[in-house]
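Q: Sequence:
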Amino acid sequence: MGREMGQKFHAFMFPWFAFGHMTPYVHLANKLAEKGHRVTFLLPKKAKKQLEHLNLFPDSIVFHPITIPHVDGLPAGAETPSDIPVTLWRFLSTAMDLTRDQVEAAVRALRPDIILFDLAYWITEVAKEHGIKSMLYNVISATSIAHDLVPGGELGVPPPGYPSSTLLFRRHDAHALLSFAVYYKRFYYRVTTGLTNCDFISIRTCEEIEGKFCDYIGRQYQKKVLLTGPMLPEPDKSKPLEDRWNNWLSGFEPGSVVYCALGSQITLEKNQFQELCLGLELTGLPFFVAVTPPKGAKTIQEALPEGFEERVKGRGVVWGEWVQQPLILAHPSVGCFVSHCGFGSMWESLMSDCQIVLLPYLADQVLNTRLLTDELKVSVEVPREKTGWFSKENLSVAVTSVMDKDSEIGNLVRRNHSKLKEVVVSPGLLTGYTDNFVVTLENLLKETNLA
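Residue 1 is where the sequence shown starts when you use full-length UniProt numbering, and the numbers rise one by one after that.
Hints were generated in silico from the structure; no laboratory data involved. One should not assume that every hint holds.
Distance ranges between label pairs, derived from CB positions [what the hints assert, rightly or not]:
no., residue 1, residue 2, range
1, 407, 302, 47 to 57 Å
2, 185, 76, 26 to 36 Å
3, 185, 419, 33 to 43 Å
4, 185, 377, 31 to 41 Å
5, 168, 407, 39 to 49 Å
6, 168, 330, 32 to 42 Å
Even glycine gets a Cβ: it sits at the ideal position worked out from N, Cα and C.
Input sequences plus hints: build the corresponding full structure.
A: This is the structure:
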């Protein structure tokens with residue numbers, strides 16, 4: 001490659017086709033472009049349209065569309081995991097592997113200095129063949145990688161030397177492990193092969209939250225682990241909260257509204273959805289639920305419990321479409337966030353002033369939940385029944401326990417959350433991570449080019 005000292009580099013990015021993976025990659029691309037580097041971002045054609053508005057440096061970041069090849073079992077036109085149920089994701093990962101010739105053609109034509117990837121483990125081979133470096137940039141929590149994605153690991157069982165005695169799976173987490181078990185072997189192979197063969201490892205987290213897990217991963221793979229910080233989007237000052245939600249929320253006392261969202265990947269069974277609605281009704285508090293319609297229902301309305309709308313009229317909203325989550329969490333009337341604890345939502349909850357109640361659904365969300373609840377003690381987890389789901393009573397008790405001003409647990413998690421937030425939002429901490437990441441990467445590429 002022969003880049004000279006001080007010369008800017010050209011990075012390729014090829015993340016898994018889920019928006020929860022592509023979005024933090026775009027935020028990182030913006031940081032690289034801000035420092036004068038070029039990025040070519042490989043992604044499915046349809047995703048390009050949905051992510052373009054996040055590209056703050058269109059002269060330096062080029063979105064390079066990839067055609068998703070036909071795979072038996074993958075519905076026509078499916079390009080991202082949100083287009084299909086979890087049971088079909090394996091076909092999409094096969095389709096991703098079949099894009100290798102398109103990726104190689106782009107590498108030959110554009111000659112990048114480094115490729116950042118996550119699930120496309122064969123990128124390390126492509127990089128070596130063309131004399132360029134590869135970096136596995138993880139956008140899931142270091143906790144999940146340390147527990148389930150190290151050499152010799154086994155799903156649900158902490159590996160030798162794992163650095164926590166509390167951050168573990170429990171008996172009632174079988175539901176989450178079962179949903180993950182379907183594709184765990186394939187996922188494990190992809191990630192561990194990528195981590196073993198890449199030149200550099202980086203993770204979307206920070207020392208203050210997951211330091212000991214990052215150190216453990218570094219020891220397991222005998223590589224330096226770079227941290228980027230959580231890669232949250234810059235708040236878009238030009239787009240305030242929609243008037244209808246701003247006006248509705250403003251009708252309540254400060255800190256009194258419960259906001260509940262379970263992420264775009266989760267579609268509940270109808271009975272689970274109804275239990276969620278009834279649990280929030282039981283709290284007696286105003287609430288706003290943003291979830292996709294449950295299985296078998298085209299709309300939220302048709303799936304609501306009988307008589308529910310009349311009973312909660314004026315104090316409860318259940319909405320089945322996209323909402324401006326960061327702006328809702330920042331609204332003065334919102335005082336509690338009930339979340340599935342996906343990694344992005346985990347960070348949004350930590351950066352907010354809301355009390356945190358967690359309802360994890362998938363395996364990595366369970367570990368993120370234990371990190372916040374048992375390790376950092378900033379949240380409350382809703383206890384589950386033996387079926388793996390929760391009762392309306394358990395949900396109601398968990399919410400009221402953090403919203404009651406006289407509650408011991410509520411005050412404890414509020415104090416701990418407030419202290420932790422103070423650290424995380426302290427001036428320069430998060431920008432320091434990204435600045436340090438870019439400088440370290442510049443130096444690593446200089447060293448390897450001079451070697």
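Q: Against this structure, judge whether each hint is valid.
A: Taking the hints in turn, this is what the structure says about them:
Against the hinted window of 47 to 57 Å, the Cβ-Cβ separation of residue 407 and residue 302 comes to about 36 Å, which falls outside the hint. Judged by the Cβ atoms, the range 26 to 36 Å given for residue 185 and residue 76 holds: they are separated by roughly 27 Å. Checking the proposed 33 to 43 Å range against residue 185 and residue 419 shows it holds: the Cβ atoms sit about 40 Å from each other. Taking 31 to 41 Å as the suggested C-beta distance range, the pair residue 185 and residue 377 conforms, at roughly 34 Å.
Checking the proposed 39 to 49 Å range against residue 168 and residue 407 shows it is violated: the Cβ atoms sit about 26 Å from each other. At about 33 Å, the beta-carbon gap between residue 168 and residue 330 stays in the expected band of 32 to 42 Å.
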